[in-house]
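Participant: For chain A, the structure is supplied; the task is to place chain B on it using the hints.
Top to bottom, those sequences are chains A and B.
Residue numbers for the first sequence follow full-length UniProt numbering, so the first one is 1 and each next one is one higher.
Residue numbers for the second sequence follow full-length UniProt numbering, so the first one is 1 and each next one is one higher.
Honestly, the hints are just simulated from the structure, not real lab data.
Among the hints, erroneous ones may be present.
For lysine to any residue, the following SDA-like pairs were computed, each having C-alpha atoms within a straight-line distance of at most 25 Å [as the list claims (entries may be wrong)]: (1) Lys123/B / Gly270/A; (2) Lys220/A / Gly459/B; (3) Lys220/A / Ser147/B.
To spell it out: a stretch of chain A is covered by chain B in this simulated footprint if at least three of its residues, at any positions, have a beta carbon under 8 Å from a beta carbon of chain B; those stretches are [stated by the list, open to error]: (4) 112–126; (5) 181–190; (6) 194–203; (7) 207–214; (8) 220–228; (9) 235–248.
Note that CB positions come from ideal geometry on N, CA and C, so glycine has one too.
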Amino acid sequence: MSESSSMTVTVTPPEQRHERVRPASQSWFIARLNPVSRFICPLIMSLPLFTTLDVVSASIQFVLSVILLWIGGINPLVVLRRTWPVWIAAVGSFVTIALYGRTSGTVHFAWAAIVISDGSLYLAVATFLRVAAIAVPSVIFVLGLDPTDLADGLVQILHLPSRFVYGALAGIRMFTLLQEDWRALGLSRRSRGLGDGNPIRRVCSQAFALLVLSIRRATKLATAMEARGFGASDTRTIARVSKLHAIDWVSYAIALIIPAIAVGTAVVTGYWNLPLTSN
Amino acid sequence: MNDSAEFRKSAPVGVEAHDWGWRHSTRKDFALRHVDLTIRPGERVLLLGASGAGKSTFMAAMAGVLGSDDEGVREGTLTIGGVDANEARGKAGLVLQDPDAQIILERAGDDVAFACENLGVPKDETWQRVRAALDIVGLESLELTHSTRHLSGGQRQRLALAGVLAMRPGLLLLDEPTANLDPPGVREVHDAVKHVVESTGQTMVVVEHHIDVWLDLVDRVVVLGAAGDSHEGGVLADGTPDEVFSTMGDVLAEGGSWVPGRAIPSFPPKSESEAKGANGDAEESDVVLSTRNLAFGRNGIALGEHVNLDFERGRIYALMGPNGAGKSTLALTLAGLLEPVAGKVLIAPELAPKPDSREPFHWKSRELLGRIGMVFQEPEHQFAANTVRDEVAIGPKSMGKSDDEAYGIADRLLERLRLSRFAAGNPYTLSGGEKRRLSVASMLAAAPRVLVMDEPTFGQDFRTWSQMVELIAGIRDQGCTVIMVTHDEPLVQSLGATPIHFGVSETAAGNADEGSAR
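This is chain A alone, in the form it adopts within the complex:
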């Protein structure tokens, strides 16, 4: 290979390979909310739904949420697409409850413990709608949430201890590194002839190696944080102010009104039933 001195490999410039910056949220409304509100709003909205297991309240809540998200700037189709894991969970709970839920009314099918009846189908539909009504807005609210901004909010608005919150925040950043570690561990095991055997054993041994690596990384990170005065004194100042604005209060109001309408309609129409007390 006499021409070897001129051997080259041409690659794309590394600067062009970065993933695009993702927006805080696709909704202009949600993007302007304080991160803490983005956690609390879905919580306020979902709590009333736990008092009832019926189709009316869940459907109304789901439809209202989707319409309001649309007004907030996210197309319903986008909502459905971005929440696909929710739908898998919802279908899963539908099937389970249809097969094993409390039997009442006409029995359509029975085999061993599986009994599909009118009652179990009704409960299954109600559960399916409830999972969707609770989880879809929640996912949309927290999607694209910036962990740093959330940490600021947790410390400044909810007054959680800053040492704990920022320590955890720095730890979360390590997950990217640990993902790379995990990949490298897997590749190295293949290269060492250990990649063929029982996958469960392989994962266990790899998990142990990852634990050792993560402790090492955590120790280094802790030193770097300590070297920058972290944990040195109680008088920590804040460089980024996290406040609740008018828009946050509007979001709380909406988060109260939606379930009020949904559950209220269920009560008025007589569909409301408390699953734990009714027999």
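Facilitator: Just chain B, lined up with the frame of chain A:
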């Protein structure tokens, strides 16, 4: 960079150690003991010593991050600017070796502001300091919201430097800040530090094996280490660079420093005819591994396309190019660990496990053994056994050899790589250089015909570097092909390796400027 006047407010501080010592609570011997050292404000000190001489311990002590009393035993006094080092947070700014470990927050500006928040600096002043610190390390074009994830190694180290400068420290502590960087990164960080110390007059203490890098900036050299038979480290030498290098040159080289002006060992390849004679099977083709129209990358996205390379038996190839260009990705693809995005990696027909199966990625894991081995950059990624001896025996055992044979191979390799005395020890407890040798030994045990190595000499001191070079030359001389990813020019020269350069494609090199690339 007109903010240096801002930084003059923080006066340089000195260091005073009197009979100072530290013993880690799990160790028998003091890491350092009876240290008497005075560093005057504004001095620039290069701190040298062999691995384990206590350099990093002393740096951590000055930075006040050595740990509390239950983590070790302290003796004597150590003051920074007249204050006990543990109480002097913010007076000393410590930059460490690993660029990954020093970025704390997601956005560049927040990361630099982190120290100010911890020290209780008011908000407005914090952001002034952040901007000034970024400017002074040459990151003036970096936006405050720029993600820290997509910075190069050199940029990350400069960001870490800015992060400690925002504390207005007065004493800058640099613990091998360039050991993990490619040559452009080393220059970036050197130039940034030069600008900082020249415009602020801060006291600086730097630990580095590559003395050359910092020689133009230091006015004093301190050597730490254990004298004679003692197990306790202390100050071995102290003086101007000229004094110390003329009297201590041999000791320093032995201890792992790259002493300026000393020759590096050379292991050129044997002449062509000799190499052939040693492995005189005339029938065998010389090309053991080749790529045909290969596109390599991750997740189906090609980093480089139409790569046609031939790797010959008994030669060493060096994949060279900037950080992040995709050298490691190509190496993993050649080693049969990543699937080619397009095209093929082909092993010589006589080495294939089955005649119709020449593509390493489609082999079983076991079929890679004896054919292609990969030594990872982080030895810890590779370790899979509880003892050093078992670690090396894994390969032969997986190839179906009996325990006796496998341990025989392991013992011979450990002997050859001077690791025998650790045979019963845990791989994780070895030193950096030993771990590196073990990771090579464990791959060699399977007698691969092609050995791919990712940065085999990364961050090593001169002694472990020399051992590694000798080892790689030995692997080549046994007829094995070595493909290594490296930035290390001396390594390539010493081995007479064939460089394969990574170039950036012309068509798309438009907005390659740092910071403005958004």
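Participant: Indicate, hint by hint, whether the structure satisfies it.
Facilitator: We went through each hint and held it up to the structure:
1. Lys123/B / Gly270/A: Violated, at roughly 56 Å.
2. Lys220/A / Gly459/B: 17 Å, holds
3. Lys220/A / Ser147/B: 21 Å, holds
4. 112–126: violated (count 0)
5. 181–190: holds (count 7)
6. 194–203: Our answer is that it holds, as 3 residues pass the Cβ test (under 8 Å) against chain B, meeting three.
7. 207–214: holds (count 3)
8. 220–228: holds (count 8)
9. 235–248: With 7 residues in contact (Cβ-Cβ under 8 Å with chain B), the coverage given for the stretch 235–248 of chain A holds.
Checked against the numbered hints above, the structure violates hints 1, 4; every other hint is satisfied.
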